[in-house]
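Asker: Letter by letter, the chains look like this.
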Amino acid sequence: MTAPVTAQRPARAARGTGRAGLLVRPALIGAGLLVLWWWAGSQQLDSIEARNVNGEVIGSQVLEHVELTLICTALTIAIAIPLGIAVSLSRSRAGRLVVLSLGNLGQAIPSIGLIVLLALVISIGVGTAVIALVAYAVLPVLRNTMVGIEGVDPVLTEAARGMGLSRLAVLFTVELPLAVPVILAGVRTALVLTVASAPLAALIDGGGLGEGLFTGLTLNRPVISVTFGVLVAALALLADWLGLLAETSLRPKGI
Amino acid sequence: MTFAEYVRENWITIVNDTILHFDVTLGAVAIAVVIGVGLGMLTYRHSTLAALATTTTGAFLTIPSVALLGVLIAPFGLGVLPVLVALVVYALLPITRNTIVGLQEVDPAVVEAGRGMGLSRTRVLWDLRLPLAWPVIFAGVRVSTQIIIGIAAIGAWVQGPGLGNQIFNGLGRFGGANSLNQVLTGTLGIVVLALLFDLALAGVARLTTSRGLRA
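The listed protein sequences correspond, in order, to chains A and B. With this note's numbering as the guide, the letters of the first sequence map in order to residues 44 to 298. With this note's numbering as the guide, the letters of the second sequence map in order to residues 270 to 484.
Wrong hints could be hidden among the right ones.
Claimed, not checked - According to the in silico footprint, chain B covers these stretches of chain A (three or more CB under 8 Å from chain B):
1) 119-126
2) 159-173
3) 261-272
4) 275-289
Claimed, not checked - Computed spacing ranges between beta-carbons, pair by pair:
5) A/Ser292 x B/Ala446: 38 to 46 Å
6) B/Ser389 x A/Leu145: 29 to 37 Å
7) A/Trp82 x B/Ala446: 38 to 46 Å
8) B/Thr391 x A/Gln87: 49 to 57 Å
9) A/Ser90 x B/Gly348: 23 to 31 Å
As the list claims (entries may be wrong) - Not close to chain A: a few residues of chain B, all C-beta gaps over 12 Å, as computed:
10) Met270
11) Val276
12) Leu347
13) Arg384
14) Pro400
15) Ala421
16) Asp467
17) Arg480
Since the hints were derived computationally from the structure, they do not count as laboratory data. Don't be surprised by glycine CBs; every beta carbon is placed ideally from N, CA and C.
Turn these sequences into a full structure, and let the hints guide you.
Answerer: Structure (structure tokens):
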């Protein structure tokens, strides 16, 4: 019951923002980062803080974070969209039920629990972090792919079939293009979810901005955790904005 | 030690963590209902203000929980307080948005009738719109609860209460005896708690919905 509402959110926001409105978000994020830069610069850093809050460390962690997110999102899309198409094509009620109830249950599983469990069962490291993050992000894309394809007006597919298109041609020329907005909303949700959960990867030695966050807390240096916290937040808001851009630009013309 | 043995031997701690987890979630949802419904009631009549309320609370939900907690410990320190504040922030969007949508979508004919019977604007809001919108608002409350019950687990990272402590204890003794049992207990406990919480809220939704609206 939770997922349809989260999936609706991007679509609603996309409709509410005009072209100029698209530029407000990056401007606000930039302003936030400027404030952070000014604030961090004005602090008296002790040696531990200086070792963590500097351009080099921040740059490499941001890079790791972005890399981790991109790999996970690519894998998520590669797994979830074909699977979603397959399930809705097979028209099996059992498959549908399994996916939807897994989706509901999956949302209740806390991401931190899933990551640590997998690390205990498999091993620590980036690989496990990727598996956990992908497992977590697959559900919204899978669900939206199914819902998107099933939401296509049967009259349209009927008409296409009547015009002599094969089952496969109907899928690629009618059903998928019409489902694109819903699928993209799912991808955007997954992207933000991945950026947001990626800091937890640092707990199992997976790298990324989580390292700075957890270092700051463990060593009781709020300056460090605030700096990296703001960076993660900015990255998530930026990812959401990129998703919004993709939603508006990749939408097939005429929808 | 098997999982069952671990649970049997530590059930007092586990039940205690579960209760604390429930408490902090319930407290956060209660505060979020007051703020979110209030925000919705103040903004639903102006489309720009309503859009501003939903986009702002939506942006809150985009901020990663680890990041927000990391920032919140600067003003609030460690413990329950930063967790409670973070959970309230995350619970706002579904409640605020559903309040706005629910209040806006009340049949204008009903509002007209109420006005015609001599009810003031405030009375129409409290006696007509709010009861009619309540099922929608409460659906938002249920979504919020499901969202923050999982986020509350991360609260243990800043010394917050709840089942997250089982997970972080297990992580702290990585690979040691019972570390898997602890993480499993924390994770499964939260899943079960989320299911029970949702069932209970479904009951509350039925009880608090105006009698004429019940299916």
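Asker: Measuring from beta carbon to beta carbon, are threonine 391 of chain B and glutamine 87 of chain A in 49 to 57 Å?
Answerer: Given about 53 Å between the Cβ atoms, the range holds.
Asker: Say whether it holds or is violated: alanine 421 of chain B keeps its Cβ farther than 12 Å from all Cβ of chain A.
Answerer: Alanine 421 of chain B not clear of chain A: closest Cβ-Cβ about 8 Å, inside 12 Å.
Asker: Could you see if the CB distance from serine 90 of chain A to glycine 348 of chain B stays within 23 to 31 Å?
Answerer: holds, 28 Å
Asker: Confirm or reject: proline 400 of chain B is not an interface residue toward chain A, with every Cβ-Cβ distance exceeding 12 Å.
Answerer: Non-interface label stands for proline 400 of chain B: nearest chain A Cβ at 22 Å, farther than 12 Å.
Asker: Mind checking, does the stretch 119-126 of chain A have 3 or more residues with a CB under 8 Å from chain B?
Answerer: Violated - the stretch 119-126 of chain A has 0 residues with a Cβ nearer than 8 Å to chain B, which falls short of three.
Asker: Do three or more residues from the stretch 261-272 of chain A put their C-beta atoms closer than 8 Å to C-beta atoms of chain B?
Answerer: holds (count 5)
Asker: If we take the beta carbon of aspartate 467 of chain B, is the closest beta carbon in chain A still more than 12 Å away?
Answerer: violated, 8 Å
Asker: Are there three or more residues in the stretch 159-173 of chain A whose C-beta lies closer than 8 Å to some C-beta of chain B?
Answerer: Result for this restraint: holds, n = 6.
Asker: Just want to verify: methionine 270 of chain B was marked as not at the interface with chain A; is every Cβ pair farther apart than 12 Å?
Answerer: Holds, since 15 Å exceeds 12 Å.
Asker: Does leucine 347 of chain B really sit off the interface, with its C-beta more than 12 Å from all C-beta atoms of chain A?
Answerer: violated, 9 Å
Asker: Take a look at whether the Cβ-Cβ distance between serine 292 of chain A and alanine 446 of chain B falls inside 38 to 46 Å.
Answerer: Given a distance of about 54 Å, which is not inside 38 to 46 Å, the answer is violated.
Asker: At least three residues with a C-beta closer than 8 Å to a C-beta of chain B: is that true for the stretch 275-289 of chain A?
Answerer: holds (count 5)
Hints 1, 5, 6, 12, 15, 16, counting from the list given before, are not met by this structure.
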